[in-house]
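A.B. asks: Spelled out, the chains give:
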Amino acid sequence: MFDFLTRFPPALVIPPGRYGAAGAGVIATRIEGLEIASLAAAPDRIEELRGRCRADFGLDLPAGPRRAAGEDVEFIGVGPGRWLALGGEGLEERLRSRLSPAAAICDQSDGLILFDLTGPRLRDTLAKGLAIDIDPSVFRPGDAATTAVALIGVTFWLLDEKPTFRFAVPRSYAPAFSRFLVASAAEFGCVVS
Amino acid sequence: MSRLRQGGLIDRSRPLSFSFDGRSLAGFAGDTLASALIANDVALVGRSFKYHRPRGIFSAGSEEPNALVELGAGARREPNTRATTVELYDGLIAASQNRWPSLAFDLFAINALLSPLLGAGFYYKTFMWPAKAWEKIYEPAIRRAAGLGRASLEPDPDAYEKAHAFCDVLVIGAGPAGLMAARASARAGARVILADEDFLLGGRLNAERCEVDGEAGSAFAANAVAELASLPNVRVFSRTTVFGVYDSGIYGALERVGDHLAEPLAYAPRQRLWRIVAKRAVLAAGATERPIVFGGNDRPGVMAAQAVQTYLNRFAAMPARQIALFANNDSAWRVGLDIARAGGEVAAIIDIRRAVAPTLTEEARRLGVRILLGGQVVSTSGKRLRSIKVATEKGVERLSVDGLAISGGFSPNLHLAGHHGGRPAWKDDIAAFVPGRAPPGLLVAGAAAGRFGLAACLADGVEKGAMAARDLGFHRKPDAPPRAEDEAAAVEPFWRVGASRGAAFVDFQNDVTAKDVQIAHAEGFRAVEHLKRYTTLGMATDQGKTSNVTGLAIMAALAGRSIAETGATTFRPPYTPVAIAAFAGHHRGKDFRPTRPTPTHAWAERQGAVFVETGLWLRAQYFPRAGERDWLESVTREVKATRASVGLIDASTFGKIDLQGRDVGAFLDRVYINTFSTLPIGKVRYGIMLREDGFVMDDGTTARLGETHYLMTTTTANAAKIYQHLEFCLQKLWPELDVKLTSVTEQWAQIALAGPNARRVLRAVIDAGVDLSNDALPYMGAREATVMGGVKARLFRVSFSGELGYEIAVPARHGEALANALMEAGRGYDIAPYGVEALSVMRIEKGHVSGPELNGQTTARDLGFGRLASAKKHYIGRVMADRPALRDPARPSLAGFKPVDRVSRLRAGAHFTALGKPAAIEHDEGHMTSVAFSPSLGHWIGLGLLARGSERIGERMRACDPVRGGDVEVEICSPVFVDPDGERLRV
Amino acid sequence: MGYSVLSLIANALTGQRGWTPAWRDAEPKPFYDVVIVGGGGHGLATAYYLAKEHGLRHVAVVEKGWIGSGNAGRNTTIIRSNYLLPGNEAFYEWSMKLWEGLEQDLNYNAMVSQRGVLNLYHSDAQRDAYARRGNAMRLHGVDAELLDEAQIRRLYPFLDFDNARFPIKGGLLQRRGGTARHDAVVWAYARAADRLGVDIVQNCEVKGFLRENGAVSGVETTRGAIKAGKIGLAVAGASSRLAGLADLKLPIESHVLQAFVSEGLKPMIAGVVTFGAGHFYISQSDKGGLVFGGDIDGYNSYAQRGNLPTIEDVCEGGMALMPALGRVRVLRHWGGVMDMSMDGSPIIDRTPIAGLYLNAGWCYGGFKATPASGWCFAHLIARDAPHPVARAFRLDRFATGRLIDEKGVGAQPNLH
Amino acid sequence: MRIPCPYCGWRDAQEFAYLGDATVERPDPAAADAPARFHDYVYLRENPAGPHSELWRHSAGCRQWLAVRRDTTTHEIIAAEFVRGRGARR
Ligand SMILES: Cc1cc2nc3c(=O)[nH]c(=O)nc-3n(C[C@H](O)[C@H](O)[C@H](O)COP(=O)(O)OP(=O)(O)OC[C@H]3O[C@@H](n4cnc5c(N)ncnc54)[C@H](O)[C@@H]3O)c2cc1C
Ligand SMILES: NC(=O)c1ccc[n+]([C@@H]2O[C@H](COP(=O)([O-])OP(=O)(O)OC[C@H]3O[C@@H](n4cnc5c(N)ncnc54)[C@H](O)[C@@H]3O)[C@@H](O)[C@H]2O)c1
Ligand SMILES: Cc1cc2nc3c(=O)[nH]c(=O)nc-3n(C[C@H](O)[C@H](O)[C@H](O)COP(=O)(O)O)c2cc1C
Ligand SMILES: [Zn+2]
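Residue numbers (the working numbering), protein chains in the order written: chain A, 1 to 193; chain B, 1 to 987; chain C, 1 to 416; chain D, 1 to 90.
Chain A extracted, bound-state conformation (with noise of 0.2 Å):
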């Protein structure tokens, strides 16, 4: 265990600062602002869901664990029948109008913490939790998984190639979360903002 750790109460988001080593091998943003629902559709509907979305939204909703990204909302995979979306403000209602009964839609702006997490380390440290291969070659921008990292269940997907992860984190997780990324990403130098 790390000694610096033993400072921060294990229940509490590790606060805005640089960690470890020095350099920012690994940078961490809280992302704000955006709102997040959970989409869940009848086996029987999702064709009619899928339909709806192509024409109020004009997006595909992903088959699989994938990202389809629009102007104000984007999709995200998490099971079949099943998506995140994330959007600006009023997005549960927006959904709602557009795609009830054919989904049901629950907020999760608030369940869910999300993290974008970027740096030339970053995949080493990631690799330190996930137990899924995010070799370059292999998960590409708009690939998205539902997994464990460090006993925590998360969605991440990958944004782009610098690389940029975003991670959405069950709020009463975010602790634990934040308290392994900064400990993982500690030798390479972790900078949380």
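Keep in mind that the hints were calculated from the coordinates and are not lab data.
Computed from a predicted structure; not experimentally measured.
Don't be surprised by glycine CBs; every beta carbon is placed ideally from N, CA and C.
Hints may contain errors.
To give a feel for the contact side, a few chain A residues facing chain D, derived at Cβ under 10 Å [to be verified]: (1) Pro-43; (2) Gly-77; (3) Arg-82.
Below are the SDA-like pairs computed for lysine to any residue, each with C-alpha atoms no more than 25 Å apart in a straight line [unchecked claim]: (4) B:Lys-721 <-> A:Pro-80; (5) C:Lys-407 <-> B:Phe-654; (6) C:Lys-97 <-> B:Phe-654; (7) B:Lys-125 <-> C:Gly-18.
Go by the hints and put chains B, C and D with the ligands onto chain A.
C.D. replies: This is chains B, C and D with the ligands only, laid out in the frame that chain A set:
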């Protein structure tokens, strides 16, 4: 100093100092602790396990049985560390172990004198009388003498971590075979990981004088490694042992990130545990040299021939001044020749064979080395080897030597290939086991596959590397293997010198002798696994890498069986021992498991809460105030304040499951014992769920928010389990139902507000226009609303405390604001935040069941919910709940209990027995499940499960609590202690 | 030859030439009164007590490999009688009593060591659950003590008391609990049974049953058919397979449990300690190895080996409990295949097939049961009536609902 | 051990929860012999040494229940599919 003036792969420009048993010594970068000890002429390094015999260094690798030391000091003290694998660093501290008072003079060495008594299995035959003496006398003495090093009793101060890696081809071992395998698959385009436990890659290429493609072997290795490291599709891990093969191509590996440093670098772990997921793997782990068994073969100065060669060529350290060789194979001859060429004195090459390849004998003669063919070493002498006796046709001769290099042949390092249970196959021509059925996807190459020639190893590496890649669709014609020669490698099976005198060791570390194998044979422990377990052969820290084959060969001979029939013992991970902390990684101390704070955690902290672990959650237990003496006083105050006026608690940890769809009502009817399809919109109902076996699984409330929209709550403990159960019902049992489940536990902060003034307080935070009157929002009503000026909220008029109560849910980020607003609004009412203790007191006062009653062993009837169960529908668990024993009216059922003497304290876990009967199991009729000091009644109260409990109100019983010395007379009463008619709920 | 200090000295003086086989490696005979299938602790103990307590002279134990090759030879050696439920407690206490006189009875030092079994608790609810259990033990006349944190600190000062995720609040201690040398138990029963004329037939795998009029009349083995008056199954992890050969389906799943041993160390851990907030338990063998384990892997398996997640989970528990274990190294880890029964408790009963008797479902706790299991199974086979302390271990309890579910997790073997 | 989730791809078995025998079908609770059939359903599960059909839930992933065919003697995963839609009444 035995350091040669030149040569070796050490960095003479970087001298290092270290200490052994308090003596300061010097070495160079590139040394191991063992090579540095040899260079300093230290021969005595440790004491053996059972007989405490003096021992030196036997090998130059991870197979080392003898040279175990305690490394480091204080919290970093690391027992049983093989000096042969420790990379030397400046300031290294090592100490010998298993000796007292000192290494040179060890009192326990007396055991050696007793050795005739202490043969295999001796302890099974004695120490039985008197029976009580075992724990008191014999066992402590045995334990003190046994063991090896001492573990530190302080917390390990270093950090450890885990990591995952993925590849097409994992190559294990970077000797000639591994390097070529990695190169072949990498050149074909596969993603390759090459791992070697050594800090210097190249395997035997660094230890033997050989040429590959016209270069010195070590130079060839360095170039090959450099090429591999430069390729984008290759990762090279040095100091990394692949220790186990698990299912689906998962390989466990341990990277020693900071073990070559006095302390790990700041922010870097000491060790990293890798889970490598590989589609294919090539095991190129080389082979281990076996000793020959003869009297005194364990003396310091007796060393594996290959090890001598390694110390000489790689470390430029000459292990002795006068060295004899004793072997049954060609390889040792080359060691002798290397010694002679390096200017060492070779006393003789003794070979059990009468005929040896002329190339070897001629070269030996040319170098002036004496040759004793058909010879056998029959004994040795000296604390550190001074002389050996050799028997030949001509008689017995004494040779003065301080070094004896022995070789009984080679055992391929096929351990990993056996991790899935595949049995190795015996090959007579090389006198060795080779891998049998290997784990899927694992190929074996080089010496590990029984190919002992250098050219053969290189070629095999290329072939297996290319084959692995080809299997995965990477087609490329492999390059021709590099040029090298296959040296002579003939061997004649030979295990033990029959005519030798003195203890002849098979397993050095566990002090298993040839005599022990004989005893095992005589006593019928002839199966190899019996042999192992009876004699402990192969069970030491080296896992018999040098000894197993010899031991079973001796048994085979005794039993008149072939070695193939005798078979080998089971190979198990780890290949070399792995620190427990490495398997744990980051998950220790406070990070053992995630800590989940509630949405109002910071607020509670400011209120002075004491927190308690509830599963992964951290919840406020109580809120002590200045002047309160103990938790009971605080809790009592919180209860009183709530019952008298108003209190609040964060209830967000309950599982919250959103259910939407046409069939939710029908679905709920099937999973709850009671009916939910008839629940009106805007209402909440309490429900009980059973497991399919008829026992209660969980309870909770479910609200109907709309025609096709319900919201279920589960207990905190069962949230994940219930969600999983509901998914199972929907996906597996009734996929035709239109029900969509979504967990919204994390989304909503939920605060329970309770007490006669709850409505008044709530009014102050609720936005205008929401009617909170009893008519508009009656008991068990639910509605949506906004609070604090537009924050969306859900109101549920439910109560666990038994008071007028509301649970107010807001999006989690507003939880803290809501708590503050309620506190502010309640200031005039002396509002009190309360914790889970007060919650528990109030629920016990109300007779509500919770964890201790919902323990998985109770039925709905036991808990008084018999009438809740609908007779008009089928539901999960109904059929099995009808089994005779579950309907037995004598089953313990829920009742309340009060101490007859009202000042007595009750304790949960006490058993109920009849008054006037002995406190014995025949009279056991149930147990106390939950207790509380009831501030409302001024005495302790309890809930319990008692045979026919509900029919026995008014009777008295004993609540027996022998483990806490308590024995209280109790009166059976209704489980509802406060407001039995529920009037306060409905005001 | 009888074992004693004298026999050791005599052999030391004669170059260890006087030893004879601990048991005969018997050839199968065509007929026995009773054939016990399974040469683990339970099977051998059954044979021993059949001969000793019930005077049967024609008894064989048939074992597919070498005796002790199953779970008897690979368990973490903990013996205790700290059960909660009446159907269990009396039985395990009877076993404890037998352990206490075992070595003298069998003339074999099986290193039964009553060094104490300590179960730690980390919450008030857990404390009360342990109090309930301790009280049940005391009502049975069995020793149990509930210790508080200060008492635990005195016993094991190097546990993590100060930085723990789940603080240690106390523990339930059974001082009479402890360990026994697992292999030696097998050999001791084998030797004692052999001396009473029991045939121990190794490398003899049962492949089927001979049937006459619906009853079983013998076994088909890899070494030929063996007729038998009665057949007792004591095959631990293979119960479903064997029962399947007789067309019986059992309320049992086979699961793998892993165990671990560290490198040898000087004495460090006095007794047995179990962690209450994770899956971890530990003791130290007489050789010095720390023997430890945790939860089962959790899926059906006959592979006798497990996987990394469980290994990591166990070591995480170890580090959380005893951070001084950090630099102690795992020397070897292995797995055993166990009968996980549907309520976590064993079965000692007749089967619906005449002549076929069943001893199964021991989950991860049958080593401590070895003496009593043999005793009670022998009683059942010899007398055709259950022994009073094993009366609850019926096969029909799943139908009647008289379950013995100590953990309260229901019909989910991987959670027991 | 790794399991090929039809939605998520190959994942470590650690991400999954295990329930056991996938071949048992919940009996009709209204049947006359329901007690006997429920007994078998709840307590008598297949326990073969060899290929076994079993239920796993991808708890840390897509949350779907899978029917996985796996050899209990080698831990080889033979196939995996969602239970939903497999023999389901529409
Ligand atoms: C890792 C591990 C740790 C454990 N720890 C403990 C513990 O600390 N305390 C405790 O009380 N219990 C423990 N147990 C449980 C305990 O080991 C078993 O419950 C108990 O050993 C089972 O009884 P047995 O000794 O007769 O079984 P086994 O030794 O398994 O005997 C069954 C025998 O039947 C043989 N057999 C199988 N099929 C056939 C056939 N067809 N023909 C002939 N023979 C056959 C097998 O080869 C085997 O030898 C543990 C188990 C494991 C796996
Ligand atoms: N003449 C003989 O009788 C004889 C016998 C055996 C070997 N040899 C010689 O030895 C060489 C064999 O070549 P090779 O490539 O097969 O083996 P090698 O011994 O050269 O290399 C094996 C490498 O594997 C590493 N290793 C072993 N187990 C490991 C593990 N679990 N994890 C990580 N690394 C591990 C070792 O550190 C070593 O570097 C040849 O040069 C051959 O001539 C000769
Ligand atoms: C209590 C106990 C202590 C053990 N101690 C050791 C030991 O010191 N060294 C060792 O190599 N194995 C030890 N083992 C493990 C055995 O070698 C072996 O792995 C185990 O009995 C399972 O058998 P298998 O691996 O042959 O399948 C021990 C096993 C037990 C049950
Ligand atoms: Zn999935």
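A.B. asks: Which of the listed hints are broken here?
C.D. replies: Number 6 - this is the single hint that the structure violates.
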